[in-house]
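> Protein chains in written order, with our numbering: chain A, 1 to 489; chain B, 1001 to 1213; chain C, 2001 to 2631; chain D, 3001 to 3103.
Derived pair list, reagent style SDA-like, types lysine to any residue, alpha-carbon separation capped at 25 Å:
id	chain 1	residue 1	chain 2	residue 2
1	B	1091	C	2601
2	B	1091	C	2623
3	B	1091	C	2619
Rather than coming from a laboratory, the hints here were simulated on the basis of the structure.
Listed below, chain by chain, are the residues.
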Amino acid sequence: MTTADMTSLLPFIVMGATSIAVMLLIAVRRTHVAVLVTTLVGLAVTLIILPAVSSAGSRQVTPLLILDSYTFFYTGLIASASFAVALMAYPYFRDREGDHEEFYILLLLATLGSAVLVASNHFASFFLGLELLSVSLYTMLAYSHWRESSTEAGLKYLILAAASASFLLFGMALFYAELGTMELPAIIAALEGRVAYGGLLLTGVAMMTIGIGFKLAVVPFHMWTPDVYEGAPAPVTAFVATVSKGAMFALLLRYFIQIGVHTQASLFLMFGLIAVASMLAGNLLALLQNNVKRILAYSSIAHLGYLMVAFLASGPQAVAAVTFYLAAYFVTTLGAFGVVSLLSSGGKTEGWTNEYRDADALEDYRGLAAREPWLAGVFTAMLLSLAGIPLTAGFVGKFFVVAAGASAALWWLVIVLVVGSAIGLYYYLRVVVIMYAPFPVERRAITAPLSISLLGSVVLAVLAILLIWLGVYPSPLVSAIQAMVASLL
Amino acid sequence: MEAVFYISGAIAVLSTIGVITRLNAVHALLYLVVSLIAVALVFYSLGAPFVAALEVIIYAGAIIVLFVFVIMLLNLGPQGSREERQWLSLKTWVGPAVLGVILIAELVYTFGLQPSHPAGVSVVEPQQVSIALFGPYVLGVEMASLLLLAGLVGAYHLGQRDDFRRPAQPEAEESKTGTRSDYLAHEGRALSSSTEKGAGSEIGPARLKGDEQ
Amino acid sequence: MLQLLWLVPALPFAGFVLLALSGRRLPDRWVPFIGVGSVGLSLLAAVLVATSFLAAPPPGYAYSQTLWTWMSVGSFTPGITLYLDALSLVMVVVVTFVGFFIHLYSAEFMAGGEGYGRFFAYMNLFVGSMLTLVLASNLLLLYLGWEGVGLCSYLLIGFWYQDSYNGYAARKAFVVTRVGDAALAIGLFLIFNSLGTLEIQDLMRRAAQQWAPGSALALSAAALLLVGALGKSAQLPLQTWLPDAMAGPTPVSALIHAATMVTAGVYLIARTNVLFALAPAVQLAVAVIGAVTLLLAGFSALTQWDIKRVLAYSTISQIGYMFLALGVGAWTAAIFHFMTHAFFKSLLFLAAGVVIMSLDEEHDMFKMGGLRRSLPLAFWTFLVGAASLSALPLVTAGGYSKESILYQAWAGQAGSPWLWAVGIAGAFLTGMYSFRMVFLTFFGEMKQQPSKKPSIDIGIPLVVLAALSIAGGYIDLPRTLGNLPILSSFLQNTLPPTVIAQPAIDTELVLGVIAGVVPLIGIYFAYLLFFQRRPAYADGPTRVARGGPLYRLWFAGWGFDWLYDRLIVRPFVWAARADKDDVIDSVYDGITRLNVVFNNLLSGTESGRVRWYAAGIALGAVVVIAIGVFA
Amino acid sequence: MIAAVPMAHGLILAGCLFAIGLIGVLVRRDIIFVLASIEIMLNASGLAFVVAGSRWGQPDGQIMFIFILTMAATEVSVGLALALQLHGRLRTLDIDAASKMRG
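With the sequences and hints as input, model every part of the structure.
Encoded structure:
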């Protein structure tokens, strides 16, 4: 560990140190605002030093971590998302019972875990990053322990995540048993030019896919998604939907595209089937759903299916497509859950939610446009972006993914993608229509006016601007991503 | 030493089967301890004495104690075993057993096809392990410490038993039929009927039993 | 200064964003500052750009400003690029100029009404979209502006949405123009597919190289673009939406008819003139459609009682002239007429708006009359507009532009005496219906006292536009009158020159005299029928035959609405009803039901039980390993 | 001291323990048993690592086992805390009782 190593590690160190600082702060004095500010400062410092650190070039720090532009790009994405989540969490928890401060420790640790995932260069850091993320998430999901569904979500996630993590570990062990190394560059070198993988490696990839597929929530490892999305506090749902999945997908790209698993026909078939099943099942499941969080959960299954198409296309164009898509997906999903989170804020007294539930029933959104035109507008924009309507970030992302799939001649996958998107349009518009329907008369009397947190509104405004920006003027991000991908592959 | 591997392997499998079939939680945990010690012997026979010791100390020692502690805390009596008997009909075993056996078959088939590489030909001393642990894996140790911190904070937060000071207001959770839930709940009109419908049939008996205690 | 070009469309968009975001929180008195100011600044930017363009023309007489590349996927790299040449410069200046005065007028006209901010937001978006359309350097961006214009027209026609008729009119405008839009979109795909680019200049160059004149590709591409243009420009057979579009507030009508929307089709054809030159049959179709439309709409205008409907039909008719000009290859004449038309038509609408407003929303000309003394400003400006519309020779702008079209319709390479004759007949009708409006509204006995007078904010636009309706023509004097074709020679830096088969000064002179006299005859007839009401003519064809079949046919716009109702709408509704339980339906129904069935099946898997989910993972594991290892 | 069993046998042992643990997760309804079954699965994965490490005579497999041990400990502590929550609320450890959310 040289000084240069430490410098490169600085963003990670800052995140870890911030979590400990928050813990000490809580020990001294419990103040929600102070904890929030410390968290935000920590994340902001991370974001600020990222460009400086990344300009030093790529560097492998111990066999465990590789700190290249790919790592720093995704770390930036993840830290920004966590920043937004922290800002959403504040109004959400403020007026609710119980201790809120530990949440930020866990948020920071989960962010650090995700960053370790994208920096992973070794099975050990893969596994430890994943677990740091997962263990923090168990508690974050169950954080509102005054809500029964929150506990339920945490428990379900814990059991399934632990089971699938053991699959992942077993797969890694098989890789290690066959190749005698757990370092990614050594694995790539060992597999260079190997035509057929043999049973151990094939089983290893399959078992690792189970662990990865669980985190990504692709079919058939998807079933936890709606329940966990529904049960978790809305800001945590935003985190699960973006950071946890994004980090895992970044890792999937780094490992499997570089190793070249798609060159094995049977593994290609396996991933292809997962992609097709995810696109179809995700969209079909969302069709008649009456819970907004569950709709978004099912839609996320479909979106990860779309991403798998680009993953299978492989090559620099596909990696760029995935990266842009993920960035767009981060903005869109954070925005959508930001709206849900803001509407669910307000504790015992205000709004139409109360301490024990989030604003996630579809009916909660009836007539929202009349009451909160600005929130309804943002939500509409986010849903349209998820549906892939032009001039939103989602359209550009989907366009890139389709282009990647088409240029790799994955016609079946592209066709399913288009069919899936067509089905998807229905349920996104269903939510939009509900929002612009008249506000039910019988609820006017009993629902107090909403007081929407200013902080949350600012976050949403920024996300909405980003959404349009990426939809109208994506080229700066695209060229940044292309430069970043060029250095990776 | 090959015999140690095979004998303790067999013991591990059998006692593990014991863990998942026992009705009484404490019995199951005892089987688990046996299984873990058997696995520790396997480690030893494979030339990994350090982790063999850790397996006994941490797994069979610390973690199992956690389980026992919770069982004591909840004071699960013989009523737990009665429930278990009721839950564990033969029928519930069929599907999981089939899946598990297929998985075993797949793995055994794949592994069996491997050319024979001997394992455990040399002993990896604790010293070697430690040097590696604080050499190339030092960042891993740091991450593991943060992992433990996350577990600590989580267990602390979730360990709070605030369910008693919670008011008796039930949650309005009806996903598919959740259309009317919100404003009813808002008015404070108890939604007990719908909650009961949703899960009452499942929890009802269990809750009654719990209350009898 | 040319770098300021991006500001021209950006400013109205900025105005829209500001107004939309501030919503109802913005006090009404601030709204015009943003709404009018943004377009005013846009006009200023346009003028600056135009001056520097004229002072120092950029190389190739075209300036393009790439703001950014939208996305870049393989060969598909649509840029957000603005393209300024003589054609788009004229369009931009006219659109911003007329748009600004209409906005200024609206500031007063719409004041106090509900949705003041919303109105200006839509209007700004409208102008911004039109400017995007005009400045777009590729067809994709043009299409974006095209759709934006369509959307805004929908929003603005239905602005007073509480009245269901307005909603109907808005829907009608949207649906009918959609027919054209769909054709345009298909045309874009066709062009991109065969030429590999959507950059307008590139595609015209490539088309000229790759497509033989009259080839099937060229014909279909031009035809698809033409159908798109017909929809937006309200030409036969897609003209029916425009008269109903009067449902919107009067400034909206002025904007739609004068500066934006309907002229988009004219612009599209002029912009892609090479494609049309490669498809002579389609170009002939443009001329014929224009000629027929101008005549039919002229007859319809003659019978309307609603002053705004007369103006609407007159727009259809005047756009018909432009199409006629495009069809015979008189590109510059079409743009010239577009310009003069923008001046006098906006003037007429705004003046009519004053009349309607002061008579408390009275649209019926037969209930007006004698307003020339009580509303002098409206009268004089309306008179100027009507004179320019009827193309009075020498003194009005419309006279010069129309004469230019008529001459080239006869003498142009693709022209023919037949087309000229139709145009002359149209000119007669134009004179007649224009002055029918003037006489019915401003002369005769006064039937209703105006309740309010226009203010200065309303007066300025009227006077300015009136001045331009007269002076605008001197920018392009024909050979017979001084031979000073400033606009034509400027435009011919971009547009191909019109080929005159046998240039002969005496033919031009004779044709010019005829074109000058015919409107006067039309006005005289109007004078006899509607001013003097001479007994011999008082029961003239139109007035008497108010119940007659021909009259009714004309009044109903040649029954196109009726025809479409019978031919398309009713059969469609009938078929839809009859087909309710039929095969086709059940296919769609089947898809829906299939989706629902799958949804139910899959929802069943979401049992909420964690053991069940674990079983899903286990099953998935078994399958995934089986596929991975054994497949 | 040296066993020199075929590596495949070690992996098969690990696979068997793993599958038994999986069956336990699928069958048992008591959270305590489910968590114990998960421990079995994790332990089996760790065994696989140790087996693999012993084939190569490297310490890496054992180090992975140590990390797995760490993770298992945190997993269990959080899991048991959640079990206490559930018991406090529903007075049962039946995992199927926690299935309010579905569809």
